[in-house]
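There are 2 protein chains.
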Amino acid sequence: MSSDDYAAALSAVAAEFDACLSQVLQQEPSDVPRLWEAMRYAAMAGGKRLRPFLVVTCAGVCGGDRAAALRVAAAIEIMHTYSLVHDDLPAMDNDDMRRGRPTLHRAFDEATAILAGDALLTLAFEVLSDPLTHADGQVRSDLVLGLALAGGPRGMAGGQMLDLEAETKPEAEQDAVIRLESMKTGALFAWSCEAGAVVSGADPQEREKLRAFGAEFGMAFQITDDILDEIGDAEEVGKAVGKDSDRGKATLVSLWGLEGARDAALEHARKAVENLDFFGEKADLLRASAAQLIDRRV
Amino acid sequence: MSSDDYAAALSAVAAEFDACLSQVLQQEPSDVPRLWEAMRYAAMAGGKRLRPFLVVTCAGVCGGDRAAALRVAAAIEIMHTYSLVHDDLPAMDNDDMRRGRPTLHRAFDEATAILAGDALLTLAFEVLSDPLTHADGQVRSDLVLGLALAGGPRGMAGGQMLDLEAETKPEAEQDAVIRLESMKTGALFAWSCEAGAVVSGADPQEREKLRAFGAEFGMAFQITDDILDEIGDAEEVGKAVGKDSDRGKATLVSLWGLEGARDAALEHARKAVENLDFFGEKADLLRASAAQLIDRRV
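First to last, the sequence lines map onto chains C and X.
If you use the working numbering, the first sequence corresponds to residues 1 to 298, in order.
If you use the working numbering, the second sequence corresponds to residues 1 to 298, in order.
If you're looking for bench data, these hints aren't it; they were derived computationally from the structure.
It is possible that some hints are incorrect.
Since copy identity is lost for identical chains, a pair holds within one copy or between any two.
[Unchecked claim] Below, in silico cross-link-like pairs of lysine to any residue (SDA-like), each with a Cα-Cα straight-line distance of 25 Å or less:
| no. | residue 1 | residue 2 |
| --- | --- | --- |
| 1 | K282 | P131 |
| 2 | K271 | Q23 |
| 3 | K169 | A107 |
| 4 | K169 | G201 |
| 5 | K271 | G46 |
| 6 | K48 | K271 |
| 7 | K48 | S22 |
| 8 | K243 | E110 |
| 9 | K169 | F279 |
| 10 | K243 | K282 |
| 11 | K169 | G280 |
| 12 | K169 | K271 |
| 13 | K169 | Q27 |
| 14 | K169 | F108 |
| 15 | K169 | Y6 |
| 16 | K243 | D109 |
| 17 | K169 | R101 |
| 18 | K169 | R106 |
| 19 | K243 | G257 |
| 20 | K282 | D93 |
| 21 | K243 | I227 |
| 22 | K169 | D31 |
In isolation and in its complexed conformation, chain C is listed as follows (with noise of 0.2 Å):
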């Protein structure tokens, strides 16, 4: 599959999503306008809307239904876009720009950005566990456990607590690096692979592979982060670059250098893609996904 291929599949799936995602963020005539209005703002401020092309792809793997992915696909962008919202807070990264625009405290205030960051992570596991995602309730549940567990403190909250602490210790060893990296962005990126799985009734041996695949997609996706922070183009990747060496925060760029993190980046998306040998040609595009990580821009 050719790198157009994959960019056009990866175009109409987030053109699919979000007219998902606008449904699911339409407040009711009764509500609370502002908090609405914020809560849209940060989501529909598009993005590559990699996440959904994940989950999405990962359900037709399995055979699933589309509409029922694209509802599991909404929840875990709204679960990454409340991270990025309380992320960008004075208190935290104190950013000012992301994806192009201003940050949602800078476009609000900042009682409405944590708030509307509170109401979008509720909303997430709203969405999981209307029985409009799925029919069965069991299913339903499963979905909810494993974004709590990929969110939560044992996943990208902990992460990030991980990331605070980080700014502290530009000595940190690989190990930690790499610990932090898999809680605060790989666990994510596994569920969304997994919770293709999950929602299509998939079998657990189709569920691990595609959840290891997942985990190391993230890795790699981290690691490019991480040089894109080093090497990027502020204007064109859409928020400010450089802020990790000017923190001092050890990341794998730091420890290895561009090269050996290009190489260590390369690695995660060969293991990847192994995990796809299962599902033959049906995977093509996952293939690709993993293959167009290495030359990312933004």
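With chain C held as given, fit chain X onto it using these hints.
Showing chain X alone in chain C's frame:
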């Protein structure tokens, strides 16, 4: 039932509940110690444990399993705790004291308080969707959906947003204030009671009666909270008082005066108890809890 009997029952549930909550908040050895420490600091600070009491007592009325009810209570109290942590932040209410101790962001720091709140919120859904809580996935999914609706933009988070906006609206109409309070406080009380029924496999009528009891109980509670904010003693209440009038925020006390507010609380408590006729003597403890609200001093 005497108020002493009620006080003894409330303390007994609180002690049993704290043991369950402490277990839920047990960090694993490999985890992120500072984050869990912050989560425990906020969650294990005591408090009346009124919502857990309602969950457990309503489950008892429906003949449900106590261990399951305690886990549901833990999820709801964790949700309540996160909301206090975020509400206390400098960008929100900027409170220094909570339950007689420094607020989380004063005891730790602001970033840790934001993250610990996020981690608590996510953990609440992990607890509910864990098969340890209930064997039936449909029940777990119902518990998740109810908590998400009560806590999210249609409930508590939405009410909190209205509360922020209320500071600029001292002339708010009574309907707007009632709506704010029913979203901010009433929704989680209503769900505490309903969840006790849901986890116990109660029939729809029992569920609806307990929900209605909880909604009225929550309104009575919030009005007595507004009264305490006006006349209470900061040391006894354990947090700053007089905040609403300092900020020029309309409350039911500012709209109706102290006597009018007391009458309204009494009326909500009376309506709450009406819903219990259906359950006969089994609901005496719930009746006592509603009666006690009117005399609360903390």
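Okay, the hints, checked on the actual structure:
1. K282 to P131: Neither way: K282 and P131 sit 29 Å apart in one copy and 33 Å across, limit 25 Å.
2. K271 to Q23: Neither way: K271 and Q23 sit 37 Å apart in one copy and 37 Å across, limit 25 Å.
3. K169 to A107: Cα proximity of K169 and A107: across copies only (22 Å, versus 32 Å in one copy).
4. K169 to G201: Answer is neither: 43 Å inside a copy and 51 Å across each miss the 25 Å cutoff.
5. K271 to G46: neither (29 Å within a copy, 48 Å between copies)
6. K48 to K271: within (23 Å within a copy, 52 Å between copies)
7. K48 to S22: within (16 Å within a copy, 41 Å between copies)
8. K243 to E110: The answer is both: 21 Å in one copy and 20 Å across copies each meet 25 Å.
9. K169 to F279: For K169 and F279, neither the intra-copy (42 Å) nor the inter-copy (60 Å) Cα distance is at most 25 Å.
10. K243 to K282: For K243 and K282, neither the intra-copy (39 Å) nor the inter-copy (61 Å) Cα distance is at most 25 Å.
11. K169 to G280: Neither, since 44 Å and 62 Å both go past 25 Å.
12. K169 to K271: Answer is neither: 29 Å inside a copy and 58 Å across each miss the 25 Å cutoff.
13. K169 to Q27: between (43 Å within a copy, 23 Å between copies)
14. K169 to F108: Close across copies (18 Å), not inside one copy (33 Å); limit 25 Å.
15. K169 to Y6: Close neither inside one copy (39 Å) nor across copies (52 Å); limit 25 Å.
16. K243 to D109: Classified as both; 23 Å inside a copy, 21 Å across copies.
17. K169 to R101: neither (31 Å within a copy, 30 Å between copies)
18. K169 to R106: Answer is between; shortest inter-copy Cα gap is 23 Å, intra-copy 29 Å.
19. K243 to G257: Cα proximity of K243 and G257: one copy only (16 Å, versus 54 Å across).
20. K282 to D93: Intra 40 Å, inter 53 Å, cutoff 25 Å: neither.
21. K243 to I227: within (12 Å within a copy, 49 Å between copies)
22. K169 to D31: For K169 and D31, only the inter-copy Cα distance (17 Å) is at most 25 Å; the intra-copy one is 45 Å.
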